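Undergrad: Sequences listed follow chains A and B, in order.
Per the working numbering, the very first residue in the first sequence carries number 1; after that it's consecutive.
Per the working numbering, the very first residue in the second sequence carries number 1001; after that it's consecutive.
One or more hints might be untrue.
Using 20 Å as the maximum straight-line C-alpha spacing, the simulated SDA-like pairs for lysine to any residue come out as follows [to be verified]:
no.	chain 1	residue 1	chain 2	residue 2
1	A	Lys448	A	Tyr679
2	A	Lys643	B	Arg1127
3	B	Lys1152	A	Asp709
4	A	Lys305	A	Lys448
5	B	Lys1081	B	Glu1012
6	A	Lys469	A	Leu592
7	A	Lys9	B	Glu1031
8	A	Lys309	A	Lys139
9	A	Lys139	A	Ser159
10	A	Lys643	B	Lys1094
11	A	Lys31	B	Phe1017
12	A	Lys448	A	Val752
13	A	Lys593	A	Gly568
14	A	Lys578	A	Thr600
15	B	Lys1002	A	Met109
16	A	Lys23	B	Glu1117
17	B	Lys1084	A	Ser185
18	A	Lys31	B	Glu1125
Going by beta-carbon spacing under 7 Å, a handful of chain A positions derived as facing chain B [what the hints assert, rightly or not]:
no.	residue
19	Gly8
20	Ile14
21	Met32
22	Pro62
23	Pro250
24	Pro576
25	Gly577
26	Ile580
27	Ser581
28	Pro659
29	Glu660
30	Glu667
31	Ile695
32	Asp696
33	Pro707
34	Asn708
Read the hints as simulated data drawn from the structure, not as lab findings.
None of the values given here were measured: they were computed from a predicted structure.
Note that CB positions come from ideal geometry on N, CA and C, so glycine has one too.
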Amino acid sequence: MTELSAIGKGIPRIDALEKVTGKARFTSDFKMSGMLYGMIVKSRYPHARILRIETTRAQRVPGVRTIVLPDDAPDKRFGYGLCDMFALPRDGIIRCVGQPIAVVVADTMEITEEAVDLVNIDYKELPAIFDAEEALSEKPPVIVHPDLRQYVSLIFPFSFEPDLPNCFQHFRIRHGDVKKGFEQSDFILENRYSTARVSHCSLEPRVVDAWVESDGTLSIRTSAQTPTSTQMNFATLFGVSPTKVRVFVPYVGGGFGSKIGNDTMLEPLAMMAAIKSKRPVRLSHSRTEEFVGGRHRADVITYIKDGVKRDGTLVAREMKAILNAGIKGDVAHIVARNMAFGSVGTYRIPNFKWDGFGVYTNSPPTGAFRGFGTPEVTWAIEQQMDMLAEKLGIDPVEIRRKNLLREGDRDVCGQPTVAFGVGNCLDRVAEWIGWGEKPVQVEGHWKKGKGIAVGNKYTVSIPASATVKVHSDGTVEVRHGSIEMGQGINTVITQIAAEEFGIPVNCVKIVHGDTAVCPQDHGPVSSRSTFFTGNAVRLACQDAKTRLFDMASSKLGISADRLGISDGEIFVTSEPGKSISIGDLFIHEIPLKGSEVIGTASFVIPTVPADAQTGQSERIVAYYGHFAHAVEVAVNVLTGAVKVVRITAAADMGKPVNPELAQGQMEGGFLMGIGTSIYEQIILKNGVVANPNFIDYKIPTTLEMPPNDNVKAMIHPVPHPEGPFGAKGLGEGVIVPIAPAIANAVYNAVGVRIRDLPISAEKLLKQLKKNGQKEKD
Amino acid sequence: MKQWLRLRVNGEDYEVFTEPWKSLADVLRDELNLTGVKIACNEGQCGSCTVLIDGQSVKSCLVLAPKANGKEILTIEGLAKDGKLHPLQEAFIKHFAVQCGFCTPGFILAAKGLLDENPDPTEEEVREWLAGNLCRCTGYVKIIEAVLAVAKGKS
């Protein structure tokens, strides 16, 4: 096996220099002459009919150029997955607080803000529903989308329940016979868990600059993750060909899923404003608007019933999960289905039943959040495993080892288990955290405890394409359709191309973020980019090399299969001295054959749709990443505060292309995991976000993370046979097991089990006091 | 309504004609094209807009532009000298302290403010000082590593 030159190396990010000098440009760093500024007029009620919109006073403010109204919106329902919304409420119905009703556009942001306050809307308030279980009933007091039956899904056959008027998604898995399984069990454990609504808090708020190009092309520059989805949705919405839509995406300041499907948020509104005003328009979210309208992670209620043998073997598991989507199916339509896979990828369960529901309520919209439903169900599963262990007197690490899938096993959906490394990951985190040794207690009110959890993260199969051009100076230009949002995809692609051509990384040039130039990719979702985009790039490099070898073969008189390439030279592998430089295959900029040296490729993993009744399929997902986390916490018994004092994770994400970047993802995952476990919750009061700012919605600061010596990110790769150089993905898996690991550690510390996120001081203190009372009694 | 301001930014003198209620962050970005100053919350809660005013690290979104009249302001664009990066910039690259990059200018300037005042801080002191800068990507691990590396290099 030849030594790899670029793969597996921690080379510095190729965009780091731009970013540390402030030169890197994000969408709001661009300026367009004549640009106007837009702001959304938002609904004040969670459910209402619009009786009248009065804009005379607003329009009279000097500098107001236009106001986009519901009737200006195309008469088409659209969405990222489920097409259930108009761009503005043409149907006259408001379904949540903060829902866009109109867009005011003026010369400056100050004028726009003033005019927005002067738009007068008369509403007739309607009863609203917020509780997911109430909304999921057969006769809910409020039906959020009466026309649900007519909606269309772009992604899979629409699977709602005829008897449940607010249900827009029902996914099933049926494997074995749970009833029999429970009868055969020695012990049964049944519980209810819930997760909280949380916000991504990407540092860069959403922003779109929209304009109509001189040839009529609808153009936008946007902070987004899925530009080709925007391209297609604009084509449908505005009735043009996709070639008449152009989406630019510069650097993105954090996505985490929040910017998946932006084509259903600000983008159409900005475009409508640009069309109506005949000027470029910038529409952006303030931080408050990011919190209010930002498509949160939905809260998920999970019912789980486990049946085990006395020796800890899982016999049966029955799960029901309800995702509270808010007013839009849209991306939530997919989350509500795919959250099932969190229960599929890790354990061997002979009898399994899953029912996952997506339900509408009058809450603000939800969407993709790092993990896409998997952390929410893992929250339940990994606490169950600990509780089962305790009941049976088995070590929590042991009970997991016992029930893990093995290479080659079929999981509960019928998919074969491939590249399954979680067992090793579990061993490594157990060792690092000192599992089996009690934590060193300190004087005073802090009690320490340790907790462990495992998880997986599936990656869906969405094809990617790539184009590679070899220049006469031997440099390689790669065009890909993914988006650089901090995860480092541009650096990974650079390394793959450098490896393929045997050139230094600074001889690779990346072209990204323009749908007119870049190939189809869909974008960084589902932890897929290294695998799909990376593989497409790798294949495109090989295609380009074929053309180079063809020309070199003619020149050298040696057949192409005896040639290799490195450092700008094509050489005979058995006689490296016999070679020709890439430059000698060109005359000026024209190659000896053809007009350019271009390689193109697509990378596809065929999948089989899951059976609608049983969820069974030979391959639903492209692959799973596997993760184990261990934490040591300190709980303050006087205040209920929880501090994570040590944290570690081991990831089986295949062979990492850049181990430093992978480690960075894990460390960032620690932060998001700690935040969403202990500190973060979007508080809704009658559908109003009560804490839309960084003071009242706390994300971890430097003080909430443990000292660096107590943070350990480890990689324990099992190379995936289909990954580029064996790589998989880890962007989301890194947060999946953290919340239950912390909950398990808290239980270990103070004997309190919190089943509803977040593990807030308030909740913990209440329980501690109750337990304290019990001890006294 | 607009008024003239004299700002000395990154060693250069500027005269800017702007509304007095604009923030320094807005003026630096919109009038002087210093888009390295990032606005992530505009409410002084995240630190992305951190600049140095007369050597002190300040959240520029909370500073009314007239207050900066006559002051020396340093933004990220002024840190490198004659093409040579500041040690903090080099450390951020070397230690992988950058991911999406949106919080990066604010962190680097805040860290400069710290090291100018306290050249050899403990990890705890670094965390305390930087608690006003939010990052969602890195978990702060490599940011703190980078700052400490610069401190160690100096001493």
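Undergrad: Each of the hints needs a verdict: does it hold here or not?
TA: Now for the hints, and whether the structure bears them out:
This hinted pair checks out: lysine 448(A) and tyrosine 679(A) have alpha carbons roughly 18 Å apart, not beyond 20 Å. Using a Cα cut-off of 20 Å, the hinted pair lysine 643(A) and arginine 1127(B) holds, with the two alpha carbons roughly 15 Å apart. For the suggested pair lysine 1152(B) and aspartate 709(A), the alpha carbons sit about 17 Å apart, so the restraint of at most 20 Å is met. Under the criterion of a C-alpha separation no larger than 20 Å, the hint pairing lysine 305(A) with lysine 448(A) is inconsistent with the structure, at around 29 Å.
Restraint check for lysine 1081(B) and glutamate 1012(B): satisfied, since their Cα atoms lie roughly 13 Å apart, inside the 20 Å limit. At most 20 Å may separate the alpha-carbon atoms for a hinted pair to count; lysine 469(A) and leucine 592(A) meet this at roughly 15 Å. Restraint check: the Cα-Cα separation between lysine 9(A) and glutamate 1031(B) comes to about 42 Å, which exceeds 20 Å; the hinted pair is violated. Restraint check for lysine 309(A) and lysine 139(A): not satisfied, since their Cα atoms lie roughly 39 Å apart, outside the 20 Å limit.
For the hint linking lysine 139(A) to serine 159(A), the alpha-carbon distance of about 19 Å falls within 20 Å, and the restraint holds. Straight-line distance between C-alpha atoms of lysine 643(A) and lysine 1094(B) comes to about 30 Å, which puts the hinted pair past the 20 Å bound. Between lysine 31(A) and phenylalanine 1017(B), the direct Cα distance comes to roughly 19 Å. Compliance with the 20 Å bound is thereby established for this hinted pair. With a C-alpha separation of about 13 Å, the suggested pairing of lysine 448(A) with valine 752(A) holds against the 20 Å cut-off.
This hinted pair checks out: lysine 593(A) and glycine 568(A) have alpha carbons roughly 18 Å apart, not beyond 20 Å. Simply put, lysine 578(A) and threonine 600(A) have alpha-carbon atoms about 28 Å apart, too far for the 20 Å limit, and the pair is violated. Taken as a hint, the lysine 1002(B) and methionine 109(A) pair is honoured in the structure, with Cα atoms around 16 Å apart against an allowance of 20 Å. For the given pair, lysine 23(A) sits about 27 Å from glutamate 1117(B) by alpha-carbon distance, which is inconsistent with the 20 Å threshold.
Our distance criterion of 20 Å between C-alpha atoms is broken by lysine 1084(B) and serine 185(A), whose separation comes to about 69 Å. Note on lysine 31(A) and glutamate 1125(B): the hinted pairing is violated, with a Cα-Cα distance of about 39 Å set against a maximum of 20 Å. For glycine 8(A), the suggested interface contact is broken, since its CB lies about 15 Å from the closest CB of chain B, more than 7 Å. Nearest Cβ of chain B to the Cβ of isoleucine 14(A): about 10 Å, over the 7 Å cut. The hint is violated.
Contact between methionine 32(A) and chain B, as hinted, is not supported at the beta carbon level, the nearest pair being about 13 Å apart and thus beyond 7 Å. Taking 7 Å as the C-beta contact cut-off toward chain B, the hint placing proline 62(A) at the interface is violated, the least distance being around 13 Å. For proline 250(A), the interface hint is violated, the least distance from its beta-carbon to any beta-carbon of chain B being 11 Å, above 7 Å. Interface hint at proline 576(A): violated, since its Cβ lies 34 Å from the closest Cβ of chain B, which is beyond the 7 Å cut-off.
About 38 Å separates the beta-carbon of glycine 577(A) from the nearest beta-carbon of chain B, more than 7 Å, and the hint is not met. Checking isoleucine 580(A) against chain B by beta carbon gives a least distance of about 36 Å; that is not within 7 Å, so the hint is violated. About 31 Å separates the beta-carbon of serine 581(A) from the nearest beta-carbon of chain B, more than 7 Å, and the hint is not met. With 7 Å as the threshold, the beta carbon of proline 659(A) stays out of range of chain B, its nearest partner Cβ sitting at about 10 Å, so the hint is violated.
Using the Cβ-Cβ criterion of 7 Å, the hint placing glutamate 660(A) at the interface with chain B is satisfied: the shortest such distance is roughly 5 Å. Among the interface hints, the one on glutamate 667(A) holds; its C-beta lies about 4 Å from the nearest C-beta in chain B, closer than the 7 Å criterion. Annotation: interface hint on isoleucine 695(A) holds; nearest CB of chain B at approximately 6 Å, less than 7 Å. The restraint placing aspartate 696(A) at the interface with chain B is violated, with a minimum CB-CB distance near 10 Å, outside the 7 Å limit.
Taking 7 Å as the C-beta contact cut-off toward chain B, the hint placing proline 707(A) at the interface holds, the least distance being around 6 Å. With 7 Å as the threshold, the beta carbon of asparagine 708(A) comes within range of chain B, its nearest partner Cβ sitting at about 6 Å, so the hint holds.
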